[in-house]
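Q: Each chain is listed here by its residues.
There are 2 protein chains.
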Amino acid sequence: MVTGTEVLAGRVTDRNGPWVSQQFAELGVETAGIVQVGDRREDLLQALGQVEAWGVDLIVTTGGLGPTADDLTMEVVGDYAGRRLELDPELEGRVWKRVELVRDRFPDIDVESLKLTTRKQSLQPLGAVPLEPIGTAPGSIVRPADGRSGPPVVVLPGPPRELQPMWHAAVATEPLAGLLASAVPFEERMLRLIGLPESDLAATLREAEVGGIDLDRLEVTTCMRSGEIEIVTRFDVEDAPLYARLDEAIRAKYASRLYSDDGASVEEVVRRELVAKGWTVAFAESCTGGLVAAKMIEPAGASDYVRGAVVAYDNAVKVSALGVPAELIEAHGAVSSEVAAAMAVGAAERLGADCAVSVTGIAGPGGGSEEKPVGTVWFGAVVPGHKPFTREIWIPGDRGAVRERAVVGALHVLRTSLQQA
Amino acid sequence: MVTGTEVLAGRVTDRNGPWVSQQFAELGVETAGIVQVGDRREDLLQALGQVEAWGVDLIVTTGGLGPTADDLTMEVVGDYAGRRLELDPELEGRVWKRVELVRDRFPDIDVESLKLTTRKQSLQPLGAVPLEPIGTAPGSIVRPADGRSGPPVVVLPGPPRELQPMWHAAVATEPLAGLLASAVPFEERMLRLIGLPESDLAATLREAEVGGIDLDRLEVTTCMRSGEIEIVTRFDVEDAPLYARLDEAIRAKYASRLYSDDGASVEEVVRRELVAKGWTVAFAESCTGGLVAAKMIEPAGASDYVRGAVVAYDNAVKVSALGVPAELIEAHGAVSSEVAAAMAVGAAERLGADCAVSVTGIAGPGGGSEEKPVGTVWFGAVVPGHKPFTREIWIPGDRGAVRERAVVGALHVLRTSLQQA
Chain A
441 MVTGTEVLAG RVTDRNGPWV SQQFAELGVE TAGIVQVGDR REDLLQALGQ VEAWGVDLIV
501 TTGGLGPTAD DLTMEVVGDY AGRRLELDPE LEGRVWKRVE LVRDRFPDID VESLKLTTRK
561 QSLQPLGAVP LEPIGTAPGS IVRPADGRSG PPVVVLPGPP RELQPMWHAA VATEPLAGLL
621 ASAVPFEERM LRLIGLPESD LAATLREAEV GGIDLDRLEV TTCMRSGEIE IVTRFDVEDA
681 PLYARLDEAI RAKYASRLYS DDGASVEEVV RRELVAKGWT VAFAESCTGG LVAAKMIEPA
741 GASDYVRGAV VAYDNAVKVS ALGVPAELIE AHGAVSSEVA AAMAVGAAER LGADCAVSVT
801 GIAGPGGGSE EKPVGTVWFG AVVPGHKPFT REIWIPGDRG AVRERAVVGA LHVLRTSLQQ
861 A
Chain B
441 MVTGTEVLAG RVTDRNGPWV SQQFAELGVE TAGIVQVGDR REDLLQALGQ VEAWGVDLIV
501 TTGGLGPTAD DLTMEVVGDY AGRRLELDPE LEGRVWKRVE LVRDRFPDID VESLKLTTRK
561 QSLQPLGAVP LEPIGTAPGS IVRPADGRSG PPVVVLPGPP RELQPMWHAA VATEPLAGLL
621 ASAVPFEERM LRLIGLPESD LAATLREAEV GGIDLDRLEV TTCMRSGEIE IVTRFDVEDA
681 PLYARLDEAI RAKYASRLYS DDGASVEEVV RRELVAKGWT VAFAESCTGG LVAAKMIEPA
741 GASDYVRGAV VAYDNAVKVS ALGVPAELIE AHGAVSSEVA AAMAVGAAER LGADCAVSVT
801 GIAGPGGGSE EKPVGTVWFG AVVPGHKPFT REIWIPGDRG AVRERAVVGA LHVLRTSLQQ
861 A
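In the order they appear, the protein sequences are chains A and B. Going by the numbering used here, the first residue of the first sequence is number 441, and it counts up by one from there. Going by the numbering used here, the first residue of the second sequence is number 441, and it counts up by one from there.
Among the hints, erroneous ones may be present.
You can't tell identical chains apart in this list, so a pair holds if it fits in one copy or across any two.
[To be verified] EDC-like cross-link-like pairs, simulated, lysine to aspartate or glutamate; straight-line CA separation at most 16 Å: (1) 555 to 647; (2) 555 to 638; (3) 717 to 744; (4) 812 to 778; (5) 693 to 548; (6) 537 to 656; (7) 693 to 647; (8) 693 to 550; (9) 555 to 530; (10) 827 to 789; (11) 693 to 649; (12) 555 to 540; (13) 555 to 544; (14) 537 to 572; (15) 812 to 832; (16) 555 to 532.
Think of the hints as simulated: they come from the structure by calculation, not from any bench.
Only chain A is shown next, with the shape it has when bound in the complex (with noise of 0.2 Å):
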């Protein structure tokens, strides 16, 4: 259960829910459902029991627990579990320690409210195990009071960065602890593939049922998003023969296309073979402006492969810091072969790389031509010992998603290009 009407209003995309159910399902946990509800008293309290509903054994809240007067859920669940809250007086005591830290960082800051917060934000349901404080507001363990049913009810902060630590922490305490010992991991294989649509590999699928594979044995879900199509199965155990038969057709028929079988993305992907190779690379992007590298420069470590990148917006910066002569812009257009080519040739020599990737296309919704659509794309890689690679593709949609799907299309042309190299 998500809480915050910031969320439910669309104005803050919820992060917590799918890394919870990551979590759990790692842990050999099946996530029912997830209801992102607002902060009002009676929809709080109706959500938790729609969840119940689901036959959970156990739900998890995130959110609510700040100091302003919207922040409901730890009085919400007492009221769910029969519990009321009452101050823990310790627990004040070691949330003043936290909240102590805020003060430094702002020394002009109000003392009386900070005290205020630390008592709102030390009351704890009657008997909650309670879950110490990442930032400043503590967590709990919250089970049914005698005499009520309902499953228990873990409930952690909204900002990831205190949810994300103290549900490592909730998992180690009982009740929780005890609870997921008794859980199953599932197997899960997730297949990676590139440039087919969905319908082919939906085909594939009832081809493959037709030839006596029971896929209602297996749990097979597709997902196309930015022109990759993945593959999830999940199974039990004693399934693992009838996966490695459809593991076997999905190969059979698509071997130059699946890139991936141990659920690493393109990034990862291109991050080994740039680690194998001991290169390092560069990127020169138009208009993706800066995604590529901010991409592979997510992983902690990406100093020991990534150099730098140009992100040259305007043609005079593909110019000045490329070193793309003028003339192959006027020639071809930026958004060409052969300036793309320049570009990762240009990235690779300034920012001293051993490879690089390029990227320039026309994101929208204006800049476009009959001959060039907005969405046209061209993407140029350079490794060692070969010459200049270029691609182009069509995108659709919008400018968004231009963007998007073409920092997704030069992160596999650098990995077709180091693979080949």
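Given the coordinates of chain A, assemble chain B onto it according to the supplied hints.
A: This is chain B only, laid out in the frame that chain A set:
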């Protein structure tokens, strides 16, 4: 109701729930809740019943309209509404036209599989109002059959680039158009502040209440993220004078910290400043890896004021591509006021921009020291007619949190520099 095992399992972050919710808010319709549920028939049907129990006037479903066997939404909504699926031959013809566009992009595609896809996606609950496909999947507006209760259901596809245009078509289609015509938009105001803890705001709101501003008549939600606080207040038109008093109380206390009162994000405020002054901007990024530039290039028309960026992840790139003296890095370290200033100056010069902002920080998990712990970030800004301005912040949290807040921090440093210029 957001469907999809991939969403529920946390492999894909749902973007449709928040988007549809925002659209409703603009029309004066409040979202009661959002439920995310997997692609299983019984789960989908139960969730529809639960959403109905919220007492809603309308249900929107997203996803599950694709060609694969786990795409069940149309069928389940038909069951829920008491309407069996039937092939709509005219719709089939129009879907086929859309499918042929896909065929052109995949020349070796199996045509039989496309015909099956077309047929499956042309099934509609008998008597429902089909919504024309944007990709290849039509949507539907499904009213309960005679003798059935429950609200109408609007069935939309999962990919955002299909869902969004179809939404706009749906709201212009009966019975949805008529239903929405009766909604009375409520007033909504948003204030954005930077540089104060949420507890301080909580105290201010309590004082306002004590001072006679009845906050029960104003629905105030506060949300802290990436170091910013967002205060959103919804109220009936008649409570506008009450809101004016709250607005005044907040302005009186936080004059220097309030940077937006019309919903504009910091990047939008920066954009307005640049456009008003006719200046261009460049970025020099280290730990943020291109995200500041990407954020500023997001809106169409960014080419009018964004020149580009250098992502100088490697120190050698700071020297070669930004002209930062190697001795400066040697003497002060890459994460320092001196290097931040030199990066900004270098970016403006090298990329030919009027203004620039730089970010250099320690995102972690490695690289921290006693003196400069993980989370230390320096920003530098240059604007015409002023000496470079630098600022240091310390950001708590993991690598992702540091990067995210550093992006927002850089934009605020640029904003204040522009506003003072």
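Q: Decide, hint by hint, whether the structure agrees.
A: Hints and how they fare:
Proximity of residue 555 and residue 647 under a CA criterion of 16 Å is satisfied inter-copy only: 15 Å between copies versus 66 Å inside one chain copy. Taking the shortest alpha-carbon separations for residue 555 and residue 638, only the inter-copy value of 13 Å comes in at or below 16 Å, while the best intra-copy value is 57 Å. In the homo-oligomer, the alpha carbons of residue 717 and residue 744 lie at most 16 Å apart inside one protomer (12 Å), although the nearest pairing across protomers, at 40 Å, exceeds that limit. Taking the shortest Cα distances, residue 812 and residue 778 sit within 16 Å of each other inside one copy (15 Å), while across copies they are farther apart (45 Å).
In this assembly of identical chains, the alpha carbons of residue 693 and residue 548 lie at most 16 Å apart only when taken from different copies (12 Å versus 66 Å within one copy). Neither within a single protomer nor between protomers do residue 537 and residue 656 lie at most 16 Å apart by alpha-carbon distance, with minima of 54 Å and 33 Å respectively. Within a single copy, residue 693 and residue 647 get their C-alpha atoms as close as 11 Å, which meets the 16 Å cut-off; across copies the closest is 68 Å, which misses it. In this assembly of identical chains, the alpha carbons of residue 693 and residue 550 lie at most 16 Å apart only when taken from different copies (12 Å versus 66 Å within one copy).
For a Cα distance limit of 16 Å, the shortest separation of residue 555 from residue 530 inside one copy, 14 Å, qualifies, whereas the shortest one across copies, 68 Å, does not. For the identical chains of this complex, residue 827 and residue 789 are intra-copy neighbours only, at 14 Å inside a copy versus 32 Å across copies, given an alpha-carbon limit of 16 Å. In this assembly of identical chains, residue 693 and residue 649 lie within 16 Å of each other by CA distance solely inside one copy; the values are 15 Å within and 67 Å between copies. Only within a single protomer do residue 555 and residue 540 lie at most 16 Å apart by alpha-carbon distance; the minimum there is 10 Å, versus 66 Å between protomers.
For a Cα distance limit of 16 Å, the shortest separation of residue 555 from residue 544 inside one copy, 15 Å, qualifies, whereas the shortest one across copies, 66 Å, does not. In this assembly of identical chains, residue 537 and residue 572 lie within 16 Å of each other by CA distance solely inside one copy; the values are 12 Å within and 59 Å between copies. Taking the shortest alpha-carbon separations for residue 812 and residue 832, only the intra-copy value of 11 Å comes in at or below 16 Å, while the best inter-copy value is 45 Å. Taking the shortest Cα distances, residue 555 and residue 532 sit within 16 Å of each other inside one copy (10 Å), while across copies they are farther apart (66 Å).
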